[in-house]
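Fit chains B, C and D to the supplied structure of chain A, relying on the hints for placement.
Residues per chain, in single letters:
Number of protein chains: 4
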Amino acid sequence: MENSIKRIGVFTSGGDAPGMNACIRAVVRTAIYEGKKVSGILHGYQGMIDKNIIAMDSRSVSNILQLGGTILKTARCLDFRTTEGRLKAYNNIKEEGIDALVAIGGDGTFTGAEVFSREFDIPVVGIPGTIDNDLYGSDFTLGYDTANNTVIDAIDKIRDTAASHDRLFFIEVMGRDSGCIALNCGIAGGAEAILLPEKETGIDELIQKLESAAKDKKSSTIVIVAEGDKNGGAYNVAKRVQEKFDFYDAKVTILGHLQRGGSPSSFDRVLASRLGFAAVKNLLRGQTRIMVGLRGNDIVTTSLEEALRSKEFKLAEDMIEMTNVLAI
Amino acid sequence: MENSIKRIGVFTSGGDAPGMNACIRAVVRTAIYEGKKVSGILHGYQGMIDKNIIAMDSRSVSNILQLGGTILKTARCLDFRTTEGRLKAYNNIKEEGIDALVAIGGDGTFTGAEVFSREFDIPVVGIPGTIDNDLYGSDFTLGYDTANNTVIDAIDKIRDTAASHDRLFFIEVMGRDSGCIALNCGIAGGAEAILLPEKETGIDELIQKLESAAKDKKSSTIVIVAEGDKNGGAYNVAKRVQEKFDFYDAKVTILGHLQRGGSPSSFDRVLASRLGFAAVKNLLRGQTRIMVGLRGNDIVTTSLEEALRSKEFKLAEDMIEMTNVLAI
Amino acid sequence: MENSIKRIGVFTSGGDAPGMNACIRAVVRTAIYEGKKVSGILHGYQGMIDKNIIAMDSRSVSNILQLGGTILKTARCLDFRTTEGRLKAYNNIKEEGIDALVAIGGDGTFTGAEVFSREFDIPVVGIPGTIDNDLYGSDFTLGYDTANNTVIDAIDKIRDTAASHDRLFFIEVMGRDSGCIALNCGIAGGAEAILLPEKETGIDELIQKLESAAKDKKSSTIVIVAEGDKNGGAYNVAKRVQEKFDFYDAKVTILGHLQRGGSPSSFDRVLASRLGFAAVKNLLRGQTRIMVGLRGNDIVTTSLEEALRSKEFKLAEDMIEMTNVLAI
Amino acid sequence: MENSIKRIGVFTSGGDAPGMNACIRAVVRTAIYEGKKVSGILHGYQGMIDKNIIAMDSRSVSNILQLGGTILKTARCLDFRTTEGRLKAYNNIKEEGIDALVAIGGDGTFTGAEVFSREFDIPVVGIPGTIDNDLYGSDFTLGYDTANNTVIDAIDKIRDTAASHDRLFFIEVMGRDSGCIALNCGIAGGAEAILLPEKETGIDELIQKLESAAKDKKSSTIVIVAEGDKNGGAYNVAKRVQEKFDFYDAKVTILGHLQRGGSPSSFDRVLASRLGFAAVKNLLRGQTRIMVGLRGNDIVTTSLEEALRSKEFKLAEDMIEMTNVLAI
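Chains as they are written, first to last, in this note's numbering: chain A, 327 to 654; chain B, 327 to 654; chain C, 327 to 654; chain D, 327 to 654.
If you are wondering where the hints come from, they were derived from the structure by calculation, not from laboratory data. Since we're looking at a predicted model, the values are computed, not measured. Hints may be right or wrong, so weigh each one.
Since the list can't tell identical chains apart, any single copy or any two copies may satisfy a pair.
[Unchecked claim] Capping the alpha-carbon separation at 30 angstroms, the derived lysine-lysine pairs in DSS-like fashion look like this:
(1) LYS577 x LYS565
(2) LYS332 x LYS535
(3) LYS535 x LYS363
(4) LYS577 x LYS525
(5) LYS525 x LYS607
(6) LYS332 x LYS556
Chain A with its partners taken away, still in its complex shape (with noise of 0.2 angstroms):
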């Protein structure tokens, strides 16, 4: 199987994440070591479709490592939904050569990415890249850790502000369905209360926890909402908490998209650099419909059928203990 492998073709779907630079670049030098020719998809399965694709070698990623952002480029394709995008896709990516491909992306890039392969027969690997670290399959997902190091920074500059004025702040950060960012920088911030889409918390339950911080004279007070808080948002769990205490003079930041860019971390670097490396391993051992993920210090392999079908609880109970101690 090794052998009859001639060209990779690599792209990056859905949100863009930290890493995948670092990611791209460990996939195209990987495959050129081991003989192999490169292509890159440029925005995502939209490039397949669209024929937009270009030839790599080690030069076309240089100095790239470092850059937050992907080159390729990324999109969300509904035309791939559809057999007849597929199929066009295929008959494009056969013309170029390319018999092979890994996907650098989250959830939605894997479900394509496994129907395809299934269809067409075509060898895929999948990288898992997102901020969300809501993929089954992996500790961490590519772009995670950079994430949580741009929102800290944020709300280490928030506190400073906060606590000059005795002021009350309310951050939003990204996480439609997994509270990891929230949890984690919540407790990297030191954050008085947390509110995530996996645990319901109640305004005035909230509301008791301020009121006790303000008791014992904490400097400042920030409380962390998950985008996907079953209050709403923000703004409007802000507006519920000033109706009922006004102690404070309440601010509320939404991070949105600069979490993001960025530099990658060095952990995110290693990690893209690791995955990328093993996606392209695997491919050439014959390995298809797989994802290649991180457990503790070793790099795995999962089916993708597996991490799309399985959930994976990723809020470490320790940690949700914790933002009741910590904070006192």
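Leaving out everything else, chains B, C and D in the frame of chain A:
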């Protein structure tokens, strides 16, 4: 006159700004070096009225040079606008033995200081501390440089994701009346367009620029909107642009209070130290009702009266002209 | 057993590491939350001998989560290696009412803790705090992630100037016996070659790599040298390379103690909080002479005896293999 | 005169400095906006001699605003000091159609440019680009502000570990003839003492300061040493201090080339853009053999002859005086 001052009171008032702590440190240590005593007044004018005043020595300002915010805290104070409030404040500081003041803040702070100094014949020197850079009498105000660095760091991160998705970003920065941060960071961040309070930009004119950028295949497109822009903030601008121009998917980021925090830049730490040093030196030389400031590389003084009355158009002509040239 | 503990003593010992303050905070607040009292022992074991011990409450650890270094200070202590020293230490902490200990540090710290705990039958839990990541029983030690980020930030800066001048840079990083930082940062920084204590690299082999890089017209060339590399440090390596290979102008940078400082990364703050929380919980559950650590995403415990006796080869095979592949 | 210029050549020469790329971008885009063509000369004067010259358009400077180093590379060039070298250079640029030059660099760069411009009657405008801030005619040179921020970031990190161990650190910063970085960063970093090339400080005087700091129980003690200090660099100073004063364990850090790299600060990006813009505008207005610079908030010009002949003492008096006051 010099010998008559025994104890200097220092306080921060209005919005906090990075560098205020470095400035407090310089005031305290210079005064002590000169054989004077120092009191820190907490929460600005409110602390005078509430007699929230602490004695300070060299060690009370150890390890604060690099911290954002202000250890003396700040607040807006309505009571100080009344004669009764100021009388109470005066009696309190008199009881504490404070016979001269250093006031760190902006317009509002200086207005209060000017009136108070006249009413009770107490010497006062003002230090321009605000991220807005909107004061007459100094090329730069404390915190402005740090805020600019914070904003361009955010723009750099957002550009990563903007470029990966071919997206258009509207980023709102602080500046209700002053476009300093917007103009400076628009140029430093390579923005396509910059909307300033001082200069009206029509939505059609803006769309024309964006169309031209799209035609030139620019990889990312960022529009900086000052808080005080006449079109009504970034959300409104984005909405009106998208109604007529849907080439890109548009996103909005409001940087908000993030801009007030953070460890001060080298520039702000040095400026803070020089202004704090100069404020005490001038007080001891018998000066009063003046503001210390930076002109070129020199520390200068301006009477508070003139500083409050005068307007300085701080947007350099060449910078405004450049905005149309550098984004081509 | 749980009920018998009344006052926990916490200290940091050996080289300082980012995250130690976040860890002290977690220990203090968890203990207080559980109804226990806490004392801070200053300067590690030296503070026990000198009775340099302070009472701590929730507020004594406010606003330290984000600070590098350790507020409890650290020192190396020869007296504690003697029976007399340890007896004096024991009498002092007994007088203070301390009946259990949390020791934050590395190998040397744990050796002392193990002996002391046996001699005087005092419960002790160790927390791995060292940037070297050279302890058995935890995938990562406190401060390691932050040190890696500091190093890659430096490499990124040096690459700017290396690329502008077509220069060759030798960068020496910490690690007398452990190549963890060198290997990790070499990969994360895109180094041409990485010299590790665990693996000999001959000068000729190194020159061959550099010649090949020069031929491929790589724009910058960076060699990472671990402190403990057998060739004798970056200056020696550079000198010996330049004798035979003068294609580039070579420069040396020794990062030194820079690597120990800085605000802890999100990863280290969370790790610090979890380990501090777990240390107290384990003490109160009657555990002693154990170390708490991280395996995958779980907090685990190892006996100090095993931790001190065992060796863990922390350089992942794939990472070593990668170093020859990714720099092509 | 304006109409006669058809193609502007731009190059960077001497040591690289953050902001050079932002400056190249401004030169290229301003020239194109004004209807001129632009060539980039690689490796400074060496590229003229080797005819290493590329055509540039608006897109060739996309996404470089935020990058450290210089995409045009830089080198020191001995051949250009000979008449033959310069003649060859002139013939090469003539063949490329270049009829005006923008030279970005320091003293040496300007000396070459002045001679070359006179010999071959080719218009040239210089832009001060060096982290040393040692040029007459501009309050600040390109890269100086960024270098200062890099240095204080390092000092802040080192202070963490210095304070944790009660250690004394000697930090050597760039500046062979100019103490600008040392003085500025010594104040911004809260150093105990600052050794400058412009002002001799005896070892005994230094020890006296350190003794007094030790007596005052300052928690960390940092001495900044400029490269060009008369005592012979940080290693020598440390050695001589330790011979007489062993209260602290002393450590040395040489920041080295780290100081040249990094993404330019907001200040440097704006300065770079303004100077690049002004250089082209002045060339097109018929100016030659001038340097553009910043005075206060204004862009000014100075003849190269005057810039090269004049000395400017850039260490503000108050800053020198402050060094004895603020560290108490």
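Structure-based check of all given hints:
Proximity of LYS577 and LYS565 under a CA criterion of 30 angstroms is satisfied in both settings, with 10 angstroms inside one chain copy and 24 angstroms between copies. In this homomeric assembly, LYS332 and LYS535 come within 30 angstroms of each other (Cα to Cα) only across copies, at 27 angstroms, whereas the closest approach inside a single copy is 60 angstroms. In this homomeric assembly, LYS535 and LYS363 come within 30 angstroms of each other (Cα to Cα) only across copies, at 23 angstroms, whereas the closest approach inside a single copy is 58 angstroms. In the homo-oligomer, the alpha carbons of LYS577 and LYS525 lie at most 30 angstroms apart both inside one protomer (23 angstroms) and across protomers (29 angstroms), since each shortest distance falls under that limit.
For the homomeric pair LYS525 and LYS607, the shortest alpha-carbon distance between copies (24 angstroms) is at most 30 angstroms, but the shortest distance inside one copy (40 angstroms) is not. Taking the shortest alpha-carbon separations for LYS332 and LYS556, neither the intra-copy value of 49 angstroms nor the inter-copy value of 41 angstroms comes in at or below 30 angstroms.
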